[in-house]
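Here the protein sequences come in this chain order: A and B. Numbering follows our numbering, in which position 22 of the first sequence is assigned residue number 22; successive positions increment by one, without gaps. If you want our numbering, it's the position in the second sequence, counting the first as 1, plus 1000.
One thing to keep in mind: the hints can contain errors.
[Said to hold, decoys possible] Simulated pairs of lysine-lysine, DSS-like, Cα-Cα distance not exceeding 27 Å:
| no. | chain 1 | residue 1 | chain 2 | residue 2 |
| --- | --- | --- | --- | --- |
| 1 | B | Lys-1251 | B | Lys-1374 |
| 2 | B | Lys-1587 | B | Lys-1576 |
| 3 | B | Lys-1196 | B | Lys-1217 |
| 4 | B | Lys-1400 | A | Lys-28 |
| 5 | B | Lys-1225 | A | Lys-28 |
| 6 | B | Lys-1374 | B | Lys-1403 |
| 7 | A | Lys-28 | B | Lys-1251 |
| 8 | A | Lys-28 | B | Lys-1196 |
| 9 | B | Lys-1576 | B | Lys-1586 |
| 10 | B | Lys-1578 | A | Lys-28 |
| 11 | B | Lys-1565 | B | Lys-1576 |
| 12 | B | Lys-1403 | B | Lys-1276 |
| 13 | A | Lys-3 | B | Lys-1251 |
| 14 | B | Lys-1576 | B | Lys-1374 |
| 15 | A | Lys-3 | A | Lys-28 |
| 16 | B | Lys-1578 | B | Lys-1565 |
| 17 | B | Lys-1196 | B | Lys-1225 |
| 18 | B | Lys-1217 | B | Lys-1276 |
[Claimed, not checked] Derived contacts from chain A toward chain B, CB cut-off under 7 Å, selection only:
| no. | residue |
| --- | --- |
| 19 | Met-1 |
| 20 | Phe-4 |
| 21 | Trp-23 |
| 22 | Gln-42 |
| 23 | Ile-73 |
| 24 | Trp-90 |
| 25 | Gln-102 |
| 26 | Ala-114 |
| 27 | Glu-115 |
| 28 | Pro-117 |
| 29 | Asp-121 |
| 30 | Asp-125 |
| 31 | Arg-134 |
| 32 | Ala-149 |
[Unchecked claim] Chain B regions said to be covered by chain A (calculated; three or more residues, Cβ under 8 Å):
| no. | segment |
| --- | --- |
| 33 | 1239-1251 |
| 34 | 1366-1377 |
| 35 | 1424-1437 |
| 36 | 1464-1472 |
| 37 | 1534-1548 |
| 38 | 1651-1658 |
| 39 | 1679-1688 |
Read the hints as simulated data drawn from the structure, not as lab findings. Keep in mind the model is a prediction, meaning the values are calculated, not measured. C-beta: ideal position from N, C-alpha, C; glycine also.
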Amino acid sequence: MAKFVINGEAQEVDVDPSTPLLWVIREKLGMTGTKFGCGMAQCGACTIQIDGAAVRSCVMPVAAAEGRDITTIEGLAPDEETLHPLQAAWIEHQVPQCGYCQSGQLMSAAALLAENPNPSDEDIDRAMDGNICRCGMYGRIKAAIKTAANNNAKPLFHNALRKQEVNHG
Amino acid sequence: MGKWTRRAFLTAGVVAGGGLVVGVSLRPGNVAHDIAGTIEGEGETLVHAYVKIDADNVVTAMVPHSEMGQGAQTALAQMLAEELDADWNLVRFEEAPAIKEYGSYTAGRGYLFKGINFPDVVVPSVDGFMMKVAEGLQMQITGGSMSIRVTGQYGMRVAGAATREMLVNAAADAWGVPAAQISTENSRLYHKASNKEATYAEFAEAAASMTPSYTPKLKDASEFKIIGESKPRHDIPAKVNGTAMFAMDVKRPGMVYATVQRSPVFGGRVVSVDDKAARAIDGVIEVIQLPQASRSGMVGNFSTSGSVAVVADSYYTAQQGLKALKIEWGGEGNESVSSESIFEQFDRDITAGVDRQSDMSEGDVEMVFASAAKNLVADYTVPYLAHTCMEPLNATVEIKDGKADVWVGCQNPLGFRHAVADATGIDVEMVTLHNQLMGGGFGRKAISDCTIQAAQIAKAVGKPVQLVWSREEDVRQDFYRPAVQSRFRAALNDAGELLAWQNTYVDKHEPIEAPLIPYAVSSKDIGHVSSPTHVPFGAWRSVDHSQHGFFTESFIDEVAVAAGKDAYEYRAALLKDKPRHLAVLKKVADESNWQQPLGEGRGRGISLQESFGSIVAQVVEVTVTDGEVAVDRVVAAIDAGQAVSPDGVKAQIESGIVYGLTAALYGEITIEQGAVVQSNFHDYQAVRMSETPVIETHVINSGEDIGGAGEPGTPGIAPALTNAIYDATGTRVRGLPLNRFDLDFRIEETEAVG
Chain A
1 MAKFVINGEA QEVDVDPSTP LLWVIREKLG MTGTKFGCGM AQCGACTIQI
51 DGAAVRSCVM PVAAAEGRDI TTIEGLAPDE ETLHPLQAAW IEHQVPQCGY
101 CQSGQLMSAA ALLAENPNPS DEDIDRAMDG NICRCGMYGR IKAAIKTAAN
151 NNAKPLFHNA LRKQEVNHG
Chain B
1001 MGKWTRRAFL TAGVVAGGGL VVGVSLRPGN VAHDIAGTIE GEGETLVHAY
1051 VKIDADNVVT AMVPHSEMGQ GAQTALAQML AEELDADWNL VRFEEAPAIK
1101 EYGSYTAGRG YLFKGINFPD VVVPSVDGFM MKVAEGLQMQ ITGGSMSIRV
1151 TGQYGMRVAG AATREMLVNA AADAWGVPAA QISTENSRLY HKASNKEATY
1201 AEFAEAAASM TPSYTPKLKD ASEFKIIGES KPRHDIPAKV NGTAMFAMDV
1251 KRPGMVYATV QRSPVFGGRV VSVDDKAARA IDGVIEVIQL PQASRSGMVG
1301 NFSTSGSVAV VADSYYTAQQ GLKALKIEWG GEGNESVSSE SIFEQFDRDI
1351 TAGVDRQSDM SEGDVEMVFA SAAKNLVADY TVPYLAHTCM EPLNATVEIK
1401 DGKADVWVGC QNPLGFRHAV ADATGIDVEM VTLHNQLMGG GFGRKAISDC
1451 TIQAAQIAKA VGKPVQLVWS REEDVRQDFY RPAVQSRFRA ALNDAGELLA
1501 WQNTYVDKHE PIEAPLIPYA VSSKDIGHVS SPTHVPFGAW RSVDHSQHGF
1551 FTESFIDEVA VAAGKDAYEY RAALLKDKPR HLAVLKKVAD ESNWQQPLGE
1601 GRGRGISLQE SFGSIVAQVV EVTVTDGEVA VDRVVAAIDA GQAVSPDGVK
1651 AQIESGIVYG LTAALYGEIT IEQGAVVQSN FHDYQAVRMS ETPVIETHVI
1701 NSGEDIGGAG EPGTPGIAPA LTNAIYDATG TRVRGLPLNR FDLDFRIEET
1751 EAVG
């Protein structure tokens, strides 16, 4: 039995302790925003945060998460009505193409900004180099991280973006 | 299925919320009951196969192409909304279901006729013919950069214009005024003289009884209000909060998980399986041998060898089970094949001219070579490449009560539906395909091999099954961008003018024009020889252009150097009769400050490639330090005729460039003992953020026929890069990927020789 907190909720799961956290999150807890890409911590599609640090969940056994605080893409926004500044910037820069890597990209970026609110280009490269995007949207990701860093103080609710979601979502 | 009549359909349609299907998508006489079934909302009227207008005046664009990140669905809806004069805020999207009425007959036409333009009067008959062809081939393809330039141009725009005309005619009848006096804007009809106005919804049902025009009047580009605007993509919000549904995110009640391994040697077979250890693992449900599978057809044809699947109560357990299997494989005679032996074979076959077929021949090249002042020869090679979509292949299949439901993200839903029907013996009408977003496609997801395996497993275990390939299987069981060798010969006169161009390469696929060059040369001889291997072929972003763009744009650079001319000016001089090409080339030279010298160790390279109806030029700037190449900047220009969504075109060019850059820097699938050596992103690397150059894209709207955007960015990056390396170092790179070469060594070698 493994116990941890995920997106603010305490969870207990009964699985083989060697099972990677990725599969526990996806299959047992039904949160499918975290993606499988390589299974060996090479691509970053499975990135989550544990105690605020970016972690590749595909190689982390569930036993190692015991008693810790996990955040996934589903828990990134503060509430249902509000976007995280990075999510708003992602939409503003039209970052995603296929979108498959973007949960991992956002979780890596959020961990970076939480620790370093004004990252340099080099800081961004270092924090994001573990996340592959085969659609090649690195330039837009970097631009969006900078926008989010600059917007941190501004209100999060983005009326225009919500409207877009309603009309075309 | 009796002969469909408009009235019978309409009557049934009104009860079930149906309506009329007309225009480019279906002709009267075609059976359309399947489409009527997709109209479920109360008060909805189906005005056209691509359009539906509901009681709230919301226009839904039925988009017959899958979304793999290219943003085509939004752009297609823009094209429809433009001609319909729809209110963009009231436009919604729906991916067309995998039913035969949505076979990409328009896309198929583009594929078969290679962009030949038909006069409007013959369009209906051509469409009638193509509808049959598409049905026969079971196609509903997303690929070939065809969505916008074919479905958009011939489908969405015509559908929008025809629908608008019907609405206008319906209003004219009701108001008793001439149709010519009615104007439309933002999904509303106006008769200014009598001060009458109405929403489209008010006349949707009346319009459904109108006979549509096959050749409605389309707008002139100067009238565009929605085409040419960068509209936010409708699929993006769900892609930033984890709610976007990919096939692997599907969960069915009682679903079990599976993973597979196929013979590492292509064409091999399973000799024996010892599954004792696997079955002993808690949670392993079944170990199944799957038969070999093959599909034929114009798109997505393949043949695979047999494989072994492990089914378990979780994916992790299935993986543990697969690792515990002891499988003996038979290589069927291909165990000794290696990349080395393949390239030896290519070289031998090119030299021998085995079964050489001509792509183009003008003038007498041999005579020119015999008398030219200078002859230049060079051989180029590129290796096999895998696609490595971020989302490894997967499919979920549920078979119950004689029906099959399939959840997959694929580039050919209709073809996949038929593949599942054939694999399970279930009638195709009983197979429902729920196409999901694709986590990358790039050509790989046009092939149904993994989905067939999932169907075979679901049938065998009698439970819903989600089959997920490991990344290792994804890399080792791909359908590969072919390795190619290409041999060139050029003849120059004393003034450095290009007199003859000869090119022989192995292994031709699509598009047929890929090896042709735009440059004016009076004597040309381009052809290919046959040199088959056992490595399976797949379409890979830009297909044959990905190899030939590198070859021809590198060799023309060599010719310019041999002529003692500037690489840009030499090309420009050969493009006097190609104003579109010249304009794109000039744009990229201007924007990159081509003539401004760079510092020590830095270099600039240029390339030009026409593909999928678009012309793209690129200039790359590099810095070479101690043999290490840093790609600093890429300036690109594209003439795609008319950019429907300029930001969407830019995003596709950026994407195509990074995809091609990965191939140029790292991409190499090597074959040893008949099998693929690489397995995952540690040994089949992808470009990451820190290596990504600044990319500036300039979009030219020439007003010519609309071209593709998804693929044309890829071919030109490798040659522009290696031409830049030549500029910086004097070292000509004639093979990819770059990391195979020690540039330091090559610089010394060049200096020693030169």
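Review point. Which earlier hints turn out false for this structure, listed by number in ascending order?
Key: 1, 5, 6, 8, 10, 12, 18, 19, 20, 26, 27, 28, 29, 32, 34, 35 and 37
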